[in-house]
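Chain residues, written in single-letter form:
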Amino acid sequence: MTLSATDEGALALEEIPPFLFQLLKEVPDRGASDDPRVESRFYPAPGQDELLVEDWKSLIQPELYELFLSAREVVQTDLATASEESGTFAMEIPKNHMDSWLSALNQARLAIAGENQFEEKDMAEDLAPDPSDTRSLALFEISFFGFLQECLVKMQD
Amino acid sequence: MPAIDTPEAVTREKTGVDAPWNVIVHNDPINLMSYVTLVFRNVLGFSKEKARKHMLEVHRLGRSIVWTGSREKAELYVQQLHAHLLLATLEHTPQS
Numbered sequence: 004m005t006l007s008a009t010d011e012g013a014l015a016l017e018e019i020p021p022f023l024f025q026l027l028k029e030v031p032d033r034g035a036s037d038d039p040r041v042e043s044r045f046y047p048a049p050g051q052d053e054l055l056v057e058d059w060k061s062l063i064q065p066e067l068y069e070l071f072l073s074a075r076e077v078v079q080t081d082l083a084t085a086s087e088e089s090g091t092f093a094m095e096i097p098k099n100h101m102d103s104w105l106s107a108l109n110q111a112r113l114a115i116a117g118e119n120q121f122e123e124k125d126m127a128e129d130l131a132p133d134p135s136d137t138r139s140l141a142l143f144e145i146s147f148f149g150f151l152q153e154c155l156v157k158m159q160d
Numbered sequence: 527m528p529a530i531d532t533p534e535a536v537t538r539e540k541t542g543v544d545a546p547w548n549v550i551v552h553n554d555p556i557n558l559m560s561y562v563t564l565v566f567r568n569v570l571g572f573s574k575e576k577a578r579k580h581m582l583e584v585h586r587l588g589r590s591i592v593w594t595g596s597r598e599k600a601e602l603y604v605q606q607l608h609a610h611l612l613l614a615t616l617e618h619t620p621q622s
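Protein sequence lines correspond, in order, to chains A and B.
Residues 4 to 160 in the numbering used here are what the first sequence spells out, letter by letter.
Residues 527 to 622 in the numbering used here are what the second sequence spells out, letter by letter.
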């Protein structure tokens with residue numbers, strides 16, 4: 004897989020192996036997890052005050068939900084534009100979609116970590132992805148999505 | 527104790543009612559350090575150096591007070607930080 008910046012400021016991903024492209028296609032669904040552990044991470048309490056927490060749940064949480072959904076939809080649309088050639092895939096992340104990708108990739112990482120109850124020590128593990136091992140694959144996904152996030156952050160720097 | 531309508535007494539009362547609120551960002555093992563730094567710059571308007579300083583504070587100490595001021599503005603910042611999936615809370619500053 005190769006990554007480069009286009010003249011228009013987009014991030015071009017080329018020669019994406021099918022395995023990695025499949026992981027990318029799962030980004031929107033990952034962020035749509037209905038696991039309660041993921042929900043509590045996506046919508047943390049803003050403080051200790053009971054009234055504030057109550058208001059937050061009813062007023063702010065729905066807005067955040069729509070924001071997160073909107074980001075995933077942008078990513079879904081971009082993924083649908085990918086082209087296939089000689090067994091690999093290619094696509095671009097336009098400059099004005101980068102914030103959505105950052106959000107959706109972060110959602111996916113947090114959702115995977117929440118569902119697997121990963122802690123700080125798990126993040127430091129050496130990765131040798133084993134597709135037959137669910138935990139190993141999950142850690143690899145977090146790392147791969149993190150790598151893409153880093154690329155997008157660098158481009159916005 | 528000064529009479530109630532002297533400037534000193536009015537100021538002291540006003541401070542008690544409008545005690546500022548802190549916006550606190552808490553550590554999370556998943557969020558990338560580079561991403562947290564970017565969010566601090568975009569949401570809070572920090573310089574690169576200040577954003578990095580607060581990010582390292584979160585990373586090393588578990589939390590960092592990133593802003594202090596009115597409750598309304600504190601709530602807005604917490605909402606924006608939550609929108610970027612950072613763990614953030616608002617707290618009333620301790621009354622002196």
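Treat the hints as calculated values from the structure; they're not laboratory data.
Where hints are given, some of them may not hold.
Each computed DSBU-like pair below joins lysine-lysine, with the alpha-carbon atoms no more than 35 Å apart [claimed, not checked]:
{"hint": "1", "chain 1": "A", "residue 1": "K28", "chain 2": "A", "residue 2": "K157"}
{"hint": "2", "chain 1": "A", "residue 1": "K124", "chain 2": "A", "residue 2": "K60"}
{"hint": "3", "chain 1": "B", "residue 1": "K599", "chain 2": "B", "residue 2": "K576"}
{"hint": "4", "chain 1": "B", "residue 1": "K579", "chain 2": "A", "residue 2": "K157"}
{"hint": "5", "chain 1": "A", "residue 1": "K98", "chain 2": "B", "residue 2": "K579"}
{"hint": "6", "chain 1": "B", "residue 1": "K599", "chain 2": "A", "residue 2": "K157"}
{"hint": "7", "chain 1": "A", "residue 1": "K60", "chain 2": "B", "residue 2": "K599"}
{"hint": "8", "chain 1": "A", "residue 1": "K124", "chain 2": "B", "residue 2": "K574"}
{"hint": "9", "chain 1": "B", "residue 1": "K579", "chain 2": "A", "residue 2": "K60"}
{"hint": "10", "chain 1": "A", "residue 1": "K157", "chain 2": "B", "residue 2": "K574"}
{"hint": "11", "chain 1": "A", "residue 1": "K157", "chain 2": "B", "residue 2": "K576"}
{"hint": "12", "chain 1": "B", "residue 1": "K574", "chain 2": "A", "residue 2": "K60"}
{"hint": "13", "chain 1": "A", "residue 1": "K98", "chain 2": "B", "residue 2": "K576"}
Right, here's what the structure says about each hint:
1. A:K28 to A:K157: holds, 23 Å
2. A:K124 to A:K60: Roughly 31 Å separates the two Cα atoms, so the pair holds.
3. B:K599 to B:K576: holds, 20 Å
4. B:K579 to A:K157: Holds: B:K579 and A:K157 sit about 18 Å apart, inside 35 Å.
5. A:K98 to B:K579: holds, 28 Å
6. B:K599 to A:K157: holds, 29 Å
7. A:K60 to B:K599: holds, 18 Å
8. A:K124 to B:K574: With a Cα-Cα distance of about 28 Å, the restraint between A:K124 and B:K574 holds, given a limit of 35 Å.
9. B:K579 to A:K60: Holds - the C-alpha atoms of A:K60 and B:K579 are around 31 Å apart, at most 35 Å.
10. A:K157 to B:K574: Cα-Cα ~13 Å, so holds.
11. A:K157 to B:K576: holds, 18 Å
12. B:K574 to A:K60: holds, 33 Å
13. A:K98 to B:K576: Since the Cα atoms of A:K98 and B:K576 sit roughly 26 Å apart, the hinted pair holds (cutoff 35 Å).
When held up to the earlier numbered hints, the structure conflicts with none and fits them all.
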